[in-house]
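There are 2 protein chains.
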Amino acid sequence: MDIKKVAKDTAKVLTSYLTYQAVRTVTGQLREANPPLAIWLSGFSSTGKIQDGEAYLQELLQENKELAFRVITVREYLAEEVAEYLLEMVRTGIQQANMEHRRRYLGKITQLEIADPSFSPEQRTD
Amino acid sequence: MDIKKVAKDTAKVLTSYLTYQAVRTVTGQLREANPPLAIWLSGFSSTGKIQDGEAYLQELLQENKELAFRVITVREYLAEEVAEYLLEMVRTGIQQANMEHRRRYLGKITQLEIADPSFSPEQRTD
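Protein sequences, first through last, are from chains A and B.
Under this note's numbering, the first residue of the first sequence carries the number -10, and numbering increases by one thereafter.
Under this note's numbering, the first residue of the second sequence carries the number -10, and numbering increases by one thereafter.
Only chain A is shown next, with the shape it has when bound in the complex (with noise of 0.2 Å):
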């Protein structure tokens, strides 16, 4: 197992990710502003290219580099902010669910020895 290229391609992800909620906050805060606006970036955003940031990014940059930039800015605010949150959720959560997995599988298994006790589907003979 190569951690270090699963970090890697995780962090392009997570990367990408938060480019997604950058534009999204943009444009949450155009539809105030410059609801024309809004609905171009909106436009702009939706054919699957956000997929991969900075391909995004550039392109962006190349039609309006004023929204290129801020979306830039909050991305890397949202990097800032999110990191504190984020490594502590992934880590519990992904505990919490499996644990949640193992109890209801066990609980399962529980139910059907308790609604027939003889229940081995393995050992039973009769």
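Hints listed in this document are in silico derivations from the structure and should not be mistaken for laboratory results.
Since the structure is predicted, the reported quantities are computational estimates derived from the model, not experimental observations.
A couple of the hints might just be wrong.
[As the list claims (entries may be wrong)] With a Cα cut of at most 20 Å, we get these calculated SDA-like pairs of lysine to any residue: (1) B/Lys97 to A/Glu43; (2) A/Lys1 to B/Lys97; (3) B/Lys54 to A/Lys38; (4) A/Lys54 to B/Glu77; (5) A/Lys1 to B/Tyr9; (6) B/Lys(-6) to A/Thr81; (7) A/Lys1 to B/Thr81; (8) A/Lys(-3) to B/Val2; (9) B/Lys(-7) to A/Leu50; (10) A/Lys97 to B/Asn53; (11) B/Lys54 to B/Ile28; (12) B/Lys(-7) to A/Tyr66; (13) A/Lys38 to A/Ala22; (14) A/Lys38 to A/Glu69; (15) B/Lys1 to B/Asn53; (16) B/Lys54 to B/Trp29; (17) B/Lys1 to B/Ser34; (18) A/Lys54 to A/Arg13; (19) A/Lys1 to B/Gln51; (20) B/Lys97 to A/Leu50; (21) A/Lys(-3) to B/Glu21; (22) A/Lys54 to A/Gly17; (23) B/Lys1 to A/Met88; (24) B/Lys(-3) to A/Gly17.
With the hints as your guide, set chain B onto chain A.
Just chain B now, with coordinates in the frame of chain A:
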């Protein structure tokens, strides 16, 4: 800007992505040890339901609990190991990407000016 909401959504995306990476790891291991099971897991995982990591694991638990617990274990391991690198990579990655976007943009402006010192799109009259 609701930072906690962004952090929560980001954590969910990240958790699902780590589930996907765990499935990739397990599939890779199975390709050596049990090729038919590797093919089965690839097929099971390829229908897009892996986009939601928890829903995917719920279903996998029903179909093949051993595989599900293996994925769960690998995912927990990845989350612990990747965390160390991840935040620093995302933070410095975004800072570097932003500098690069700014540098390229400024580079273009400067090249235009060097190529034609009188170039100034807004003011040109000749």
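- Message: Next pair to validate is lysine 1 of chain B with serine 34 of chain B; report whether the Cα-Cα distance is within 20 Å.
- Response: The hint holds at about 18 Å.
- Task: Would you mind confirming whether the straight-line C-alpha gap from lysine 38 of chain A to alanine 22 of chain A stays at or under 20 Å?
- Result: Outside the cut-off at roughly 25 Å; violated.
- Given the proposed pairing of lysine 54 of chain B with lysine 38 of chain A, does the C-alpha separation stay at or below 20 Å? Since the Cα atoms of lysine 54 of chain B and lysine 38 of chain A sit roughly 37 Å apart, the hinted pair is violated (cutoff 20 Å).
- Item | Hint consistency between lysine -3 of chain A and glutamate 21 of chain B [alpha-carbon to alpha-carbon, up to 20 Å] | violated (25 Å)
- Message: Need the status of pair lysine 1 of chain B, asparagine 53 of chain B: alpha-carbon distance at most 20 Å?
- Response: violated (24 Å)
- Item | 20 Å limit on alpha-carbon distance, applied to hinted pair lysine 54 of chain A and glycine 17 of chain A | The given pair, whose Cα atoms are some 18 Å apart, holds under the 20 Å limit.
- Query: Does lysine 54 of chain B pair with tryptophan 29 of chain B here, judged by a C-alpha cut-off of 20 Å?
  - Reply: holds (14 Å)
- Task: Compare the distance between the alpha carbons of lysine -7 of chain B and leucine 50 of chain A with 20 Å, and conclude whether the hinted pair is satisfied.
- Result: Distance of about 29 Å is beyond 20 Å: violated.
- Query: Given the proposed pairing of lysine 97 of chain B with leucine 50 of chain A, does the C-alpha separation stay at or below 20 Å?
  - Reply: holds (11 Å)
- Does glutamate 69 of chain A lie within 20 Å of lysine 38 of chain A when you go C-alpha to C-alpha? violated (24 Å)
- Message: Run the distance test for lysine 97 of chain A versus asparagine 53 of chain B: straight-line Cα separation, threshold 20 Å.
- Response: Cα-Cα ~14 Å, so holds.
- Measure nothing beyond the straight line between the CA atoms of lysine -3 of chain B and glycine 17 of chain A; if it is 20 Å or shorter, mark the hint as holding. Roughly 19 Å separates the two Cα atoms, so the pair holds.
The earlier numbered hints that this structure contradicts are 2, 3, 4, 9, 13, 14, 15, 19 and 21.
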